[in-house]
Amino acid sequence: MIEGEDVTVSPRTALTLALVFHELTTNAAKYGALSAAGGRVEARWRIVRGQSHGPFMWIEWREQGGPPVTVPTRQGFGSRFIEGSVAAELQGTARLHFDAEGLRCTMEIPLDTVVPDAELEGGWS
Numbered sequence: 002m003i004e005g006e007d008v009t010v011s012p013r014t015a016l017t018l019a020l021v022f023h024e025l026t027t028n029a030a031k032y033g034a035l036s037a038a039g040g041r042v043e044a045r046w047r048i049v050r051g052q053s054h055g056p057f058m059w060i061e062w063r064e065q066g067g068p069p070v071t072v073p074t075r076q077g078f079g080s081r082f083i084e085g086s087v088a089a090e091l092q093g094t095a096r097l098h099f100d101a102e103g104l105r106c107t108m109e110i111p112l113d114t115v116v117p118d119a120e121l122e123g124g125w126s
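Mapping the sequence shown onto the working numbering, position 78 (from 1) lands on 79, and the numbers just tick up by one.
It is possible that part of the hints are untrue.
Derived lysine to aspartate or glutamate pairs resembling DMTMM-like cross-links, with alpha carbons at most 20 Å apart [to be verified]:
{"hint": "1", "residue 1": "Lys-31", "residue 2": "Asp-100"}
{"hint": "2", "residue 1": "Lys-31", "residue 2": "Glu-43"}
{"hint": "3", "residue 1": "Lys-31", "residue 2": "Glu-102"}
Now the in silico label distances, taken between C-beta atoms and shown as ranges [claimed, not checked]:
{"hint": "4", "residue 1": "Thr-74", "residue 2": "Ile-48", "range": "34 to 42 Å"}
{"hint": "5", "residue 1": "Pro-12", "residue 2": "Val-72", "range": "21 to 29 Å"}
{"hint": "6", "residue 1": "Ala-37", "residue 2": "Pro-73", "range": "12 to 20 Å"}
{"hint": "7", "residue 1": "Leu-16", "residue 2": "Arg-45", "range": "16 to 24 Å"}
{"hint": "8", "residue 1": "Phe-82", "residue 2": "Arg-47", "range": "18 to 26 Å"}
{"hint": "9", "residue 1": "Ser-11", "residue 2": "Pro-69", "range": "34 to 42 Å"}
{"hint": "10", "residue 1": "Trp-59", "residue 2": "Leu-16", "range": "13 to 21 Å"}
{"hint": "11", "residue 1": "Thr-94", "residue 2": "Pro-69", "range": "32 to 40 Å"}
{"hint": "12", "residue 1": "Pro-117", "residue 2": "Pro-69", "range": "35 to 43 Å"}
{"hint": "13", "residue 1": "Ile-48", "residue 2": "Val-72", "range": "29 to 37 Å"}
{"hint": "14", "residue 1": "Arg-96", "residue 2": "Ile-48", "range": "17 to 25 Å"}
{"hint": "15", "residue 1": "Pro-12", "residue 2": "Ala-101", "range": "33 to 41 Å"}
{"hint": "16", "residue 1": "Tyr-32", "residue 2": "Pro-12", "range": "29 to 37 Å"}
If you are wondering where the hints come from, they were derived from the structure by calculation, not from laboratory data. Every value quoted in this text rests on a predicted model; they were computed, and no experiment measured them. In this text, a Cβ means the ideal position worked out from N, Cα and C, and glycines have one as well.
Produce the complete structure using the sequences and hints provided.
See the structure below:
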């Protein structure tokens, strides 16, 4: 399932998120929900306003129905890539939650980083 409001993102945001979702999808196909017949992935996002630190885009990736998840003993390339890319390229945060029922990744990205400047002038904040 994919669910979220329409948002026009900047080219930089589109590229970074495409790479992050590619990494999440690859991992899900190899080890997670997409490696099992009944597994599924949900992706959703929304714009959050009214916070003390300004509006941001909240994104969640949630896997269900795959093999049981265990917390890794070391941080691998994928985890470092996801967390580092969102932080360095988008000035946001990405957190991986190793829930027993499936991997969950949440991201918070400042809205002024996500949308092109012209869109911000149109009343996003």
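For each hint, the structure was consulted:
1. Lys-31 / Asp-100: Holds, at about 17 Å.
2. Lys-31 / Glu-43: Since the Cα atoms of Lys-31 and Glu-43 sit roughly 17 Å apart, the hinted pair holds (cutoff 20 Å).
3. Lys-31 / Glu-102: With Cα atoms ~16 Å apart, Lys-31 and Glu-102 stay inside 20 Å; holds.
4. Thr-74 / Ile-48: 34 to 42 Å: Since Thr-74 and Ile-48 have Cβ atoms about 37 Å apart, the given range 34 to 42 Å holds.
5. Pro-12 / Val-72: 21 to 29 Å: 35 Å, violated
6. Ala-37 / Pro-73: 12 to 20 Å: 19 Å, holds
7. Leu-16 / Arg-45: 16 to 24 Å: Given a distance of about 21 Å, which is inside 16 to 24 Å, the answer is holds.
8. Phe-82 / Arg-47: 18 to 26 Å: 24 Å, holds
9. Ser-11 / Pro-69: 34 to 42 Å: Holds - the Cβ-Cβ distance for Ser-11 and Pro-69, about 38 Å, lies within 34 to 42 Å.
10. Trp-59 / Leu-16: 13 to 21 Å: 20 Å, holds
11. Thr-94 / Pro-69: 32 to 40 Å: 26 Å, violated
12. Pro-117 / Pro-69: 35 to 43 Å: 42 Å, holds
13. Ile-48 / Val-72: 29 to 37 Å: 31 Å, holds
14. Arg-96 / Ile-48: 17 to 25 Å: 19 Å, holds
15. Pro-12 / Ala-101: 33 to 41 Å: 38 Å, holds
16. Tyr-32 / Pro-12: 29 to 37 Å: 31 Å, holds
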